[in-house]
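Residue numbers (the UniProt record's numbering), protein chains in the order written: chain A, 1 to 326; chain B, 1 to 326.
For the record, the hints were derived by calculation from the structure and aren't laboratory data.
Don't take each hint at face value.
Note: identical chains are not told apart, hence a pair may lie in one copy or across any two.
Claimed, not checked - Calculated lysine-lysine pairs in the DSSO-like style (CA-CA distance at most 27 Å, straight line):
no., residue 1, residue 2
1, Lys40, Lys185
2, Lys313, Lys73
3, Lys84, Lys98
4, Lys202, Lys313
5, Lys36, Lys185
6, Lys231, Lys185
7, Lys226, Lys36
8, Lys202, Lys73
All values reported here derive from a predicted model rather than from experimental measurement.
There are 2 protein chains.
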Amino acid sequence: MSGTSLLSLLEAEAGAFVSGEEISRQLGVSRTAVWKQIRKLEAEGYEIEAVPRLGYRLNGRPSRLSLQELLPKLVTREFGRRLKLFDDVGSTQDELRKLAEEGAPQGTLVVAERQTQGRGRMGRSWLSPAGKGVWMSLLLRPEIPLPLTPQLTLLAAVALSRAIARVVPLEIGIKWPNDLLVNGKKISGILLESSAEDERLKYVIVGMGISANLDPEDYPEELLDKAVSLKMASGQTIDRSRLIAAVMDEFERLYDLYRDRGFAPIRSLWEAHSVTLGRPAVLRTPQGTVEGVPVSLDESGGLKVRLANGETKTVFSAEFGETTGS
Amino acid sequence: MSGTSLLSLLEAEAGAFVSGEEISRQLGVSRTAVWKQIRKLEAEGYEIEAVPRLGYRLNGRPSRLSLQELLPKLVTREFGRRLKLFDDVGSTQDELRKLAEEGAPQGTLVVAERQTQGRGRMGRSWLSPAGKGVWMSLLLRPEIPLPLTPQLTLLAAVALSRAIARVVPLEIGIKWPNDLLVNGKKISGILLESSAEDERLKYVIVGMGISANLDPEDYPEELLDKAVSLKMASGQTIDRSRLIAAVMDEFERLYDLYRDRGFAPIRSLWEAHSVTLGRPAVLRTPQGTVEGVPVSLDESGGLKVRLANGETKTVFSAEFGETTGS
């Protein structure tokens with residue numbers, strides 16, 4: 001952990017030089033050891049200027065995520081405390097599933113700089129270029145019966161939208177069940193994979209993709225009117241470590257709340273962020289198309305839709321189609 | 001498939017001799033080819049008596065399951081039509097899960113003579129000795145929303161109990177959700193493992209263990225007052241191929257019914273076979289103990305229990321405890 005201390009020393013000086021002697025004294029190590037740690041930080045992508053007699057100055061941070069940056073920002077009890085950081089994976093979901101099958105505890109988090117086979121809903125691929133997004137999967141072992149799993153899908157959407165809003169000033173809307181939108185464009189995707197034996201959930205893997213610092217040239221042409229990054233929407237470069245820590249914090253708080261008080265408070269938060277309720281919609285479900293106005297969530301997280309004939313129908317799984325107008 | 005024809009020829013004569021010449025003529029193959037097929041059947045465990053001038057007679061069948069015996073008994077459209085038969089596996093669930101992840105179609109069935117790591121509910125092991133039971137796993141790809149999965153658990157129990165009753169005259173009771181009992185002793189276990197993405201089921205693997213021809217000496221002492229085999233309960237040796245074919249048939253019929261008419265008819269059948277409804281019970285759930293009288297199933301397959309104070313509580317997952325009496 002001495003690497004962390006050197007980094008925090010340099011960070012504390014905010015762009016000023018710290019002498020090697022001072023560092024050596026504060027860390028209680030030799031100047032040779034200080035120099036070795038500096039080299040290690042540089043290898044991780046930190047830009048450190050070394051000037052004789054003045055010492056060392058931190059000029060730039062790596063765009064890569066590092067445990068050194070991430071761990072000090074975590075304020076959670078459990079979520080993200082077991083953390084695996086990959087440069088390159090097929091998909092964080094698959095990596096975490098292996099860990100889950102081997103008995104990894106709740107809160108285990110897998111984060112990757114890049115996914116080569118990132119997955120979205122319904123087997124679609126998910127754009128996950130290196131160094132610019134937050135691609136991660138969180139392990140839950142909820143003691144809830146299987147039929148309540150959809151509540152976790154909604155909880156995840158609320159956690160993510162609250163965390164993002166803490167890091168960057170954007171108005172985020174939730175499209176049922178868990179797409180996050182800014183001005184109607186998608187900034188994030190969530191995919192829950194669950195495994196159950198009879199009515200008992202074995203685990204749930206919450207996959208989260210947040211388009212943090214993607215630039216327009218990172219998107220294929222056809223996605224540009226449907227998707228946007230936090231950076232493009234806000235003009236700010238996002239500190240991804242801070243964002244990950246915020247997601248873990250919000251997720252753990254909401255999960256505690258859910259465990260203690262049930263779904264009601266989660267539902268209220270979801271409904272407050274929703275851009276789906278009250279707007280006419282065409283919902284394509286495996287059982288056929290449902291057209292009407294979504295009015296609320298039901299107890300198990302389904303979407304209640306008021307049909308033209310005044311009846312109410314609950315939808316559990318659907319794609320949004322184009323409304324026919326009127 | 002010529003092996004099947006030779007076998008059916010011998011079976012059609014029901015214990016009488018069929019001459020080699022007759023077989024050769026009917027199958028349109030040489031007498032040497034007939035002799036080779038006879039040897040093949042013997043290698044699979046059939047006892048065939050060969051007497052000069054008289055010909056061949058089938059005296060005994062293998063205790064091993066074979067595709068030759070099983071396939072002609074299948075009357076289904078889809079269930080069991082893709083079939084993998086193993087002598088020895090860790091668990092049929094794990095074998096089928098691999099196939100499911102590779103895209104195997106609905107109805108794929110894995111059957112094993114013996115499981116070395118047979119699993120029951122909640123990670124308990126499941127006794128699966130060679131040659132005496134039916135240990136198998138069936139793949140479903142249901143187009144139902146995740147919260148309705150428990151309905152399939154109940155459907156499986158109904159299918160299994162109806163199939164068994166077709167093969168052996170026993171009165172079978174269903175203990176919620178899916179234990180099958182004869183005179184209060186367990187004859188079968190069912191374990192559904194499901195995998196979902198968001199609200200969409202990817203697949204469900206229905207594990208079924210039927211203690212068909214186990215003898216008392218196959219059971220550990222402590223199981224003998226809780227478990228019994230069909231053979232012990234009825235005095236008859238069970239034709240396992242016929243039993244497997246009957247399960248596939250009943251399962252497919254009920255599954256079709258479920259798809260066409262929903263859960264209501266399945267629920268009625270389950271309730272008719274139930275030994276749980278109307279009897280005071282102590283149910284240990286992950287959320288605490290519930291004591292009362294189970295009165296019916298709810299829409300999603302949960303068990304509605306009437307408490308002492310007159311209220312009704314729905315239980316989704318529980319172990320039965322000892323009642324305190326009264």
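Hints, one by one, checked against the model:
For the identical chains of this complex, lysine 40 and lysine 185 are neighbours neither inside a copy (40 Å) nor across copies (66 Å), given an alpha-carbon limit of 27 Å. For the homomeric pair lysine 313 and lysine 73, neither the shortest alpha-carbon distance inside one copy (44 Å) nor that between copies (43 Å) is at most 27 Å. In this assembly of identical chains, lysine 84 and lysine 98 lie within 27 Å of each other by CA distance both inside one copy and across copies; the values are 12 Å within and 26 Å between. When the C-alpha separation of lysine 202 and lysine 313 is checked against a cutoff of 27 Å, the pair qualifies only between copies, where the shortest distance is 24 Å, while the shortest distance within a copy is 30 Å.
Taking identical chains as interchangeable, the C-alpha atoms of lysine 36 and lysine 185 are never at most 27 Å apart, the minima being 46 Å within one chain and 70 Å between chains. Taking CA atoms no more than 27 Å apart as the test, lysine 231 paired with lysine 185 passes inside one copy only; the shortest distance there is 13 Å, against 64 Å between copies. In this assembly of identical chains, lysine 226 and lysine 36 lie within 27 Å of each other by CA distance neither inside one copy nor across copies; the values are 47 Å within and 67 Å between. With identical chains, the CA atoms of lysine 202 and lysine 73 are never at most 27 Å apart, being 30 Å at best within one copy and 37 Å at best between copies.
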